[in-house]
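With the hints as extra help, turn the sequences into a complete structure.
Numbering that gives the first Met the number 0 applies: residue 0 is where the sequence shown begins, and numbers increase by one.
Because the hints were derived from the structure by calculation, they are not lab data.
Here the structure is a predicted model, which is why all the values come from computation and not from measurement.
Glycine included, each C-beta is placed from N, C-alpha and C at the ideal position.
There could be a bad hint or two in this list.
[To be verified] What follows is a set of in silico ranges between Cβ atoms, one per label pair, in the way DEER data are often shown: (1) Asp115 - Lys57: 39 to 45 Å; (2) Asp115 - Lys91: 50 to 56 Å; (3) Val139 - Lys50: 16 to 22 Å.
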Amino acid sequence: MFNEPYPFLSLGKSQINEINLYKKYFYKFYARHRTYLVTLECYSFQMVAIKYCDVKDKNSSKAYHKIFNDCDAPRVIGTCFHIMLHFWQKNKDVNFVFYASMRKIAKELLDRKKLDETQIIPFIERYKRSRFSVYKYGMVNLFSYEYFIQLSDYENCVYVLINRNLKSPAMIINQLTKFLQDNHDILFIPDV
0 MFNEPYPFLS LGKSQINEIN LYKKYFYKFY ARHRTYLVTL ECYSFQMVAI
50 KYCDVKDKNS SKAYHKIFND CDAPRVIGTC FHIMLHFWQK NKDVNFVFYA
100 SMRKIAKELL DRKKLDETQI IPFIERYKRS RFSVYKYGMV NLFSYEYFIQ
150 LSDYENCVYV LINRNLKSPA MIINQLTKFL QDNHDILFIP DV
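In structure tokens:
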């Protein structure tokens with residue numbers, strides 16, 4: 000599913016002077032219908048977050064929430080995963096986190112589905128988190144448990160890869176939890 004990424008280019012990095020965020024790495028790739036910008040954000044608590052968007056939307060507040068119906072999602076997402084793998088190969092102690100923004104569901108879609116009452120809520124929950132499910136599938140299949148502890152929070156659509164080289168992963172997880180709660184109003188509770 001993710002074994003044919005688009006070729007990607009490194010655009011360099013920039014130093015950032017924010018409280019937690021200290022560096023960003025930029026990549027670009029040309030997909031079938033658009034050009035994507037991928038950003039790896041490095042945080043002071045030893046975590047790297049991946050974000051990607053259409054280059055045209057890079058300054059939009061909704062850039063990372065857009066979903067395109069290009070029938071190209073597996074290859075686009077796979078390219079982002081391969082950028083993460085490339086970054087990890089150069090930075091063997093890295094930890095990754097991503098937030099898969101939830102999809103909004105239109106009433107028209109529900110009406111077309113003709114679901115009975117017992118099917119509506121499960122369908123909505125699955126639909127909202129479909130991005131998360133795809134990302135989780137990629138993490139499980141591309142990032143070995145030999146190298147990473149994998150934590151997921153299905154409710155909040157957060158997935159974390161903790162490097163097994165770390166001496167105190169609990170401290171990193173606590174710092175990430177505090178950051179998500181303070182900055183994004185997300186209470187990160189890994190699934191059991």
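Going down the list of hints, with the structure as the test:
no., hint, in the structure
1, Asp115 - Lys57: 39 to 45 Å, "holds, 43 Å"
2, Asp115 - Lys91: 50 to 56 Å, "holds, 51 Å"
3, Val139 - Lys50: 16 to 22 Å, "holds, 21 Å"
Every hint, counting from the list given before, is met by this structure.
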